[in-house]
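K.L.:
Sequence:
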Amino acid sequence: MDVRDLDRRAGAVLGEVVMQVRAEQLWFPTPCPDWTVRGLLRHIVSDNEGFAAAAANGSAPVQTWNGGRLGDNPAGAYRRSNVKVAEAFADGGALDRPIEVREFGTFPRRVALTFHQLDCIVHAWDLAKAIDIPYDPPLDMVEMALGLARRIPDTDSSRGPGAAFDRAVKIPGDASDFDTLLALLGRNPDWVSPLD
Numbered sequence: 582m583d584v585r586d587l588d589r590r591a592g593a594v595l596g597e598v599v600m601q602v603r604a605e606q607l608w609f610p611t612p613c614p615d616w617t618v619r620g621l622l623r624h625i626v627s628d629n630e631g632f633a634a635a636a637a638n639g640s641a642p643v644q645t646w647n648g649g650r651l652g653d654n655p656a657g658a659y660r661r662s663n664v665k666v667a668e669a670f671a672d673g674g675a676l677d678r679p680i681e682v683r684e685f686g687t688f689p690r691r692v693a694l695t696f697h698q699l700d701c702i703v704h705a706w707d708l709a710k711a712i713d714i715p716y717d718p719p720l721d722m723v724e725m726a727l728g729l730a731r732r733i734p735d736t737d738s739s740r741g742p743g744a745a746f747d748r749a750v751k752i753p754g755d756a757s758d759f760d761t762l763l764a765l766l767g768r769n770p771d772w773v774s775p776l777d
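Note that our numbering has the sequence shown beginning at 582, numbered continuously upward.
Derived from the structure by calculation, the hints contain no laboratory data.
Keep in mind that this is a model prediction, so the values were computed, not measured.
When the alpha-carbon atoms are kept at most 20 angstroms apart in a straight line, the in silico EDC-like pairs for lysine to aspartate or glutamate are as follows:
| hint | residue 1 | residue 2 |
| --- | --- | --- |
| 1 | Lys751 | Asp737 |
| 2 | Lys665 | Glu597 |
| 3 | Lys665 | Asp583 |
| 4 | Lys751 | Asp771 |
| 5 | Lys665 | Glu681 |
| 6 | Lys751 | Asp735 |
| 7 | Lys665 | Asp586 |
Sequences and hints are given; from them, build the entire structure.
P.N.:
As structure tokens, this is what we get:
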């Protein structure tokens, strides 16, 4: 399996959800308590630009990771930033070259792509829940993301306010792989918008 292909597909899955966001939904709450739909879209675009810059240069300044702009066309901003990621990682011969990924540390580019793929799959759920549309990610993407999520430490020093993820949420033992993924990353699979 080519991790670049899986990541491109994950970006497309997220893109399908992004394209369904309407202007009046930009201020809706999301399962990410600090972000509205607009804030989450800005975060997604910023992360894409950060991953692309880090892939090209080995690292990226925090301003790049946080500086994404949506303008008056969030879907277009997402599409452009997603293309940057695909182009930056296109050189398959360099997948073992190390890059710095935000606060997570330095990893081979192929591992960095699994972080990006996880972000795409989970943030697509965040957006889909916020705007109340169906979302059913492909199983191979869920499996890859779940494998990574199980390795992310779940401690007070690495999770919570200001960190990338909240503490894991308890769910039933017979939960689906996708619900398990969400819970490991601090999301309640049963989240319902307060607007409902």
